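K.L.:
Each protein sequence line maps, in turn, to chains D and G. The first sequence lines up with residues 35 to 192 when you count with the numbering used here. The second sequence lines up with residues 35 to 192 when you count with the numbering used here.
Some hints could be false.
Because identical chains cannot be distinguished in the list, a pair is counted as satisfied if it fits within a single copy or across any two copies.
Below 27 Å or equal to it, Euclidean Cα-Cα: the simulated DSSO-like pairs (lysine-lysine) are [claimed, not checked]:
{"no.": "1", "residue 1": "Lys-189", "residue 2": "Lys-97"}
{"no.": "2", "residue 1": "Lys-174", "residue 2": "Lys-101"}
{"no.": "3", "residue 1": "Lys-167", "residue 2": "Lys-101"}
{"no.": "4", "residue 1": "Lys-167", "residue 2": "Lys-44"}
{"no.": "5", "residue 1": "Lys-133", "residue 2": "Lys-186"}
Hints were generated in silico from the structure; no laboratory data involved. Please read all numbers here as calculations on a predicted model, not as lab measurements.
Number of protein chains: 2
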Amino acid sequence: MTDKDLQFMKRAIELANEGMKSNAGGPFGAVVVKDGEIIAEGYNSVTSVNDPTAHAEVVAIRKACEKLETFQLKDCVIYTSCEPCPMCLGAIYWARPEKVFYACNREDAAAIDFDDQFIYNEIEKNIEDRQIKFVQLMQKEALTVFDNWKNKEDKTEY
Amino acid sequence: MTDKDLQFMKRAIELANEGMKSNAGGPFGAVVVKDGEIIAEGYNSVTSVNDPTAHAEVVAIRKACEKLETFQLKDCVIYTSCEPCPMCLGAIYWARPEKVFYACNREDAAAIDFDDQFIYNEIEKNIEDRQIKFVQLMQKEALTVFDNWKNKEDKTEY
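Take these sequences, add in the hints, and give me the full structure.
P.N.:
See the structure below:
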């Protein structure tokens, strides 16, 4: 851990406070760093922009990708004021940064009524046992699209 | 399962095909239905808009919330051409629709090289054992923001 790491996390925490104070959303902030510089910042904006996916990490990842004109965050580091929820964790894996620093953890989040653990538990359940009902239909029809993809020559993989 | 369910899933599958053919992204489509009507549609647009979070479900959820001017999809049903990845599953739990219909499953996705299972496995690991390195720092400093949230009187919970 370096002074720079502390400085970037300090900024993520500041963003968490800023977003909360301005009623953007919950108390969470994040920055994306590349080559020792912050290239994107975000704070939770769920309730102000009516977007349940606008968590700090997702906002920062989207902005960083827009700036770098890429859909992957190779050689980037994410600093987030709280351990990512399952959605943000998924977003992080799709964006593929090098490393993630986090400050608070999921237990701290639960203590202020952000129950990420509930979603972690749901994800681990068999699909038919989840609280939101999941029903499969038309698998065969949908598989024809996957076949088309397999045979597609001009595809961009990710 | 009703004729309407089949019709909505057919549309999700059509969107998957459209998105793929127009090189928007991977072969995945989704719709959000409320009161028996499609209120939002989406297809995967990751590689065309440089947004690793632009999966079909996330795109459709964002559009539906924008349209309904809310950050929750109460009384809505999501139809997606493939079982949601962990990121989309997280987004679904935050949006809280009533039900989800899916067509292909994660094994079908893996067969065309979309390895959602890898991310499911990573999520279940202890944070220190993941392939992307997660490091905790400045928890104490970040907790002060959570305290501010706890004491905030004009907060919008979600």
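K.L.:
Against each hint, give a clear statement of whether it holds in the structure.
P.N.:
Evaluated hints:
Proximity of Lys-189 to Lys-97 under the C-alpha cut-off of 27 Å is found in both arrangements, the shortest distances being 24 Å within a copy and 26 Å between copies. In this homomeric assembly, Lys-174 and Lys-101 never come within 27 Å of each other (Cα to Cα): the closest approach is 39 Å inside a single copy and 32 Å across copies. Proximity of Lys-167 to Lys-101 under the C-alpha cut-off of 27 Å is restricted to the inter-copy arrangement: shortest distance 24 Å between copies versus 38 Å within a copy. For a Cα distance limit of 27 Å, the shortest separation of Lys-167 from Lys-44 across copies, 20 Å, qualifies, whereas the shortest one inside one copy, 40 Å, does not.
Taking the closest pair of Cα atoms, Lys-133 and Lys-186 never come within 27 Å of each other, the shortest separation being 33 Å inside a single copy and 32 Å across copies.
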